[in-house]
Amino acid sequence: MALLEYENLSIALPGMARPVLDGIDLTVSAGEIVALVGESGSGKSVTARSALGLFPTGADIDGHVRVDGTEVVGAGPAALRSIRTGTASMIFQDPRAGINPVRRIGDFLTESLRVNNGWDKGRANARAAELLAAVGLPAPERHLRQYPYELSGGMLQRVMIAGALTTGPRLLLCDEPTTALDVSTQAEIMAILGRLQRERDLGMLLITHDIELAAAVCDRIYVMYAGRIVETAPTAQLFETPRHPYTAGLLGSSPPLQAPDGPPARLTPIPGSPMGLLDSAPGCSFAARCRLARPGVCDRTAPRLERHDEALVACHLAEESLTSIDNIATREGS
Amino acid sequence: MSAPMAGLTRRPVAKLRSMGGSRLENLCLGLLVLFVLVAVFAPWLSPQDPTYGELGTGLVGPSADHWLGTDQGGHDTFSALVEGSRTSLVGPLLVVLVSTVAGIAIGLFSAWRGGWVDTVIGRLLDVVFAFPALLVAILAVAVFGKGMTAPVIAMSVAYMPYTARLVRGLAMQEQARPYIAAYRVQGHSALYVAVRRLLPNIGPTVLAQSTVNFGYALLDLAALSFLGLGVQAPTPDWGAMINQSQAAVLRGQPLSAVVPAVAVVVVVVAFNIVGENVGDRLAGRKT
Amino acid sequence: MSRTTTRALGVVSRLAGMAATLLVTSFLVFSSLYLAPGDPASFLVRGRSASPDELAQIRHRYGFDEPFFVRYWDWLGGVLHGDFGRSYVFHQDVSSVIWSRLPATLLLIAAAALLIAVVGVAAGIVGALRRGTRTDSMLMLLVTVGAAAPAFVAALLLRSLFGVKLGWFPTIGNGTGVLDRLHHVVLPAIALSVTFMAMVTRVTRSSMLEELGREHVEVAVSRGTPRWTVIRRHVLRNALGPIVTVSALLISGMLVSTSIVETAFGMSGVGSLLVTSVNQMDFQVVQAIVLLVVAAFVVVNFLVDLVHPLIDPRVAAAGSAR
Numbered sequence: 001m002a003l004l005e006y007e008n009l010s011i012a013l014p015g016m017a018r019p020v021l022d023g024i025d026l027t028v029s030a031g032e033i034v035a036l037v038g039e040s041g042s043g044k045s046v047t048a049r050s051a052l053g054l055f056p057t058g059a060d061i062d063g064h065v066r067v068d069g070t071e072v073v074g075a076g077p078a079a080l081r082s083i084r085t086g087t088a089s090m091i092f093q094d095p096r097a098g099i100n101p102v103r104r105i106g107d108f109l110t111e112s113l114r115v116n117n118g119w120d121k122g123r124a125n126a127r128a129a130e131l132l133a134a135v136g137l138p139a140p141e142r143h144l145r146q147y148p149y150e151l152s153g154g155m156l157q158r159v160m161i162a163g164a165l166t167t168g169p170r171l172l173l174c175d176e177p178t179t180a181l182d183v184s185t186q187a188e189i190m191a192i193l194g195r196l197q198r199e200r201d202l203g204m205l206l207i208t209h210d211i212e213l214a215a216a217v218c219d220r221i222y223v224m225y226a227g228r229i230v231e232t233a234p235t236a237q238l239f240e241t242p243r244h245p246y247t248a249g250l251l252g253s254s255p256p257l258q259a260p261d262g263p264p265a266r267l268t269p270i271p272g273s274p275m276g277l278l279d280s281a282p283g284c285s286f287a288a289r290c291r292l293a294r295p296g297v298c299d300r301t302a303p304r305l306e307r308h309d310e311a312l313v314a315c316h317l318a319e320e321s322l323t324s325i326d327n328i329a330t331r332e333g334s
Numbered sequence: 001m002s003a004p005m006a007g008l009t010r011r012p013v014a015k016l017r018s019m020g021g022s023r024l025e026n027l028c029l030g031l032l033v034l035f036v037l038v039a040v041f042a043p044w045l046s047p048q049d050p051t052y053g054e055l056g057t058g059l060v061g062p063s064a065d066h067w068l069g070t071d072q073g074g075h076d077t078f079s080a081l082v083e084g085s086r087t088s089l090v091g092p093l094l095v096v097l098v099s100t101v102a103g104i105a106i107g108l109f110s111a112w113r114g115g116w117v118d119t120v121i122g123r124l125l126d127v128v129f130a131f132p133a134l135l136v137a138i139l140a141v142a143v144f145g146k147g148m149t150a151p152v153i154a155m156s157v158a159y160m161p162y163t164a165r166l167v168r169g170l171a172m173q174e175q176a177r178p179y180i181a182a183y184r185v186q187g188h189s190a191l192y193v194a195v196r197r198l199l200p201n202i203g204p205t206v207l208a209q210s211t212v213n214f215g216y217a218l219l220d221l222a223a224l225s226f227l228g229l230g231v232q233a234p235t236p237d238w239g240a241m242i243n244q245s246q247a248a249v250l251r252g253q254p255l256s257a258v259v260p261a262v263a264v265v266v267v268v269v270a271f272n273i274v275g276e277n278v279g280d281r282l283a284g285r286k287t
Numbered sequence: 001m002s003r004t005t006t007r008a009l010g011v012v013s014r015l016a017g018m019a020a021t022l023l024v025t026s027f028l029v030f031s032s033l034y035l036a037p038g039d040p041a042s043f044l045v046r047g048r049s050a051s052p053d054e055l056a057q058i059r060h061r062y063g064f065d066e067p068f069f070v071r072y073w074d075w076l077g078g079v080l081h082g083d084f085g086r087s088y089v090f091h092q093d094v095s096s097v098i099w100s101r102l103p104a105t106l107l108l109i110a111a112a113a114l115l116i117a118v119v120g121v122a123a124g125i126v127g128a129l130r131r132g133t134r135t136d137s138m139l140m141l142l143v144t145v146g147a148a149a150p151a152f153v154a155a156l157l158l159r160s161l162f163g164v165k166l167g168w169f170p171t172i173g174n175g176t177g178v179l180d181r182l183h184h185v186v187l188p189a190i191a192l193s194v195t196f197m198a199m200v201t202r203v204t205r206s207s208m209l210e211e212l213g214r215e216h217v218e219v220a221v222s223r224g225t226p227r228w229t230v231i232r233r234h235v236l237r238n239a240l241g242p243i244v245t246v247s248a249l250l251i252s253g254m255l256v257s258t259s260i261v262e263t264a265f266g267m268s269g270v271g272s273l274l275v276t277s278v279n280q281m282d283f284q285v286v287q288a289i290v291l292l293v294v295a296a297f298v299v300v301n302f303l304v305d306l307v308h309p310l311i312d313p314r315v316a317a318a319g320s321a322r
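Chains as they are written, first to last, in the numbering used here: chain A, 1 to 334; chain B, 1 to 287; chain C, 1 to 322.
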């Protein structure tokens, strides 16, 4: 059974031209690392938060989200609490904003254990110190007594990770865990996440806008655009043969993680800007920015996810455009 | 670029405010205009001489002769309300005018000179801040005797720091902008730049602050008259009317006190709402 | 060690600032009443026609013939020892005149402060948690009217409704005995606190709303922390800074408003003493009370500055960085 399963999840806000999420299908199995990639505003974060029942206020929700078999959509407080305190945890983007600035690090780490699991202070503190050591912080006992402003962003993100692990979850939702950090720290944090994932056999959903980062750590990648999944495939295949023009565009516009030998890569930005919630298109939402878009086809009906080899692609031209896509993904040497 | 975020969070709120807020604000603006008109034309509007008390007709209820009844001394409450609006308008108006002009001057000076001048002015404003306006007014009465002149001058000083602080802060912000530097580079004097360029930019914010100050000055001056230290009989005044009706209240006939009390609250609410909405709109435009 | 030192230095410099403010205040208060037109000596003889010799004698006895700075210095020295001079009207030490009326005023302020802290904050919390509902709109309407309802208006309405019409509460005086005093203080305390309660409600609500939107609150929710624990430990706790600051400053500024309420309810206290002293031109008493009111404000301001780092550790960090 899948650890995390989205089935046709749609979320709509009143007054908006298009839904925030439009028929999301996605699964994460135990021990698997899955990435959800897309530009800002594509609905990645909303998707991740949905797994914990954190829906936008006033939204219309349709479809299913199941965490370890428990339905989240329409779940009561007790079911939600059992997911949040047991099965799944989330790591947020900005630890400076995500950790209460007026309480001590120790309070942040032990709160859930003490409030939800009824642990006494000593036991919870011991556990917190153990986890701080596990995420590689040098002086766990001291950090427990410190305030967030006394720690750097990278250290705080480690605290955030430790906090997510206190209750021993099996599913870790990581919402852009490295975006707010500087580059050298990013690699450290990803390494820690990777190690913890292996050690604890966690299922992990990594939300990121950085497709190269996703490729470096993930088994499978979902690409999201304007509230829809447009392509999903095992990492290697997605890189080898991106079928959706948007995927190809993402690959073409991001620098490779490891600089290849030879001349530096030429980056090709995707023209235009992502579609806002106030815009909608009758056909493919990417058509307006797509170099391959064909009038009369792409602007009529929205494409559905269809299987091509091991990939699922939502593009009217998925079959025929393979060769042209190769031309878009102009990455010298690959 | 930020269209989705703006759509998500701001749009419904902004719509709500532009609909509901403006209707309330227009109502309040209307009330304020009415208040000013009544104050200006009071002698022609009041049906009777509010200083003329008929001994036999004390504390009568509303009637054709006395629309809102009379007080203990037989004075017509409606006429007193109408004529009393004059002191309620003039007193706070003077306080706000003087404190605003002085506050702008001091705030600009402080911001422009900077350094130790700014620090000293800041400390002095702190001292003035520690004196509640009503206390300053009471002190002024103690020194110069009862009446409105001394309290109005004293309260102008007490209200000045609010405007001075605001102007200083805004001027500091504006000063950092390139256009001010551009003017100074062109050889315009600091005073010229301040008066011609800076003031129009910070004017609306100061106006919003002054509008709110007006309401509070009205409350303080009415309180002073209520204490018997401000406007003296027979001049009609809302605070004094409440004071003079204390005995009637204890006899269970509070109308002649309730009427001016309601007038005070309504006018101050209107000033606060107009002032705050203007302030909100300015803040909204800026962010 | 070094952090403690900088913190101690900060406290010392704040203390110095407070002392300077109080010194300037005392000078302003003293000199303003010195400027008062009229000869205090002729006031003292109360209209009796006194010979110039007699007047000179009185001036000499009360030190009126000394130069201004000498008199200020003497007065200030006395004030620092708790000696505010003698009341011309009561023929008593000013300090004992004030001291005898202080308990009533403090009881009134304490009761009003309790109302502000409990009702004001609670209403603000409810408004923030019920944002956009009818409850919230009603509260905001009450706040708008309450903020514009001065103590004398509130006193008037409370008195005529609950005192005269319904007869639930006494309408005049301080009362005797503990229960009677408490009974007497209910309406005045409400009248005194209405405006300030409205302000505290508004500050609490907006501060809570700001904190409710913070990401760390969402993080706490995402970890399954029960709603009320989140509100208590993350929303209210973080919103506390502005709430405590505003409440403390309002309560310290309330001293001058007691003059309105005590006068309205015919109570004997420091506030009504201020008004009668102004009426009777009892300058020594006026001086002392004005100084006390300002000093209370300045001291509370200082204490709030001291307490603030305990409520918000970031303030302490910013302070030691300076």
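Treat each hint with caution, since some may be false.
[To be verified] Simulated coverage check for chain A against chain C, where a stretch passes if three residues somewhere in it have a Cβ under 8 Å from a Cβ of chain C:
#, stretch
1, 75-84
2, 90-98
[To be verified] Listed next, with one range per pair, are the computed distances between beta-carbon atoms:
#, chain 1, residue 1, chain 2, residue 2, range
3, C, Val145, A, Ala187, 53 to 63 Å
4, B, Asn26, A, Pro271, 26 to 36 Å
5, C, Pro103, A, Glu141, 48 to 58 Å
Honestly, the hints are just simulated from the structure, not real lab data.
Predicted, not measured: the structure shown is a model, and the values here were computed from it.
We put the beta carbon where it would ideally sit given N, CA and C, even for glycine.
Against the structure, the hints come out as follows:
1. 75-84: holds (count 5)
2. 90-98: holds (count 5)
3. Val145/C to Ala187/A: 53 to 63 Å: This hint holds: roughly 59 Å between Cβ atoms.
4. Asn26/B to Pro271/A: 26 to 36 Å: violated (47 Å)
5. Pro103/C to Glu141/A: 48 to 58 Å: Given about 51 Å between the Cβ atoms, the range holds.
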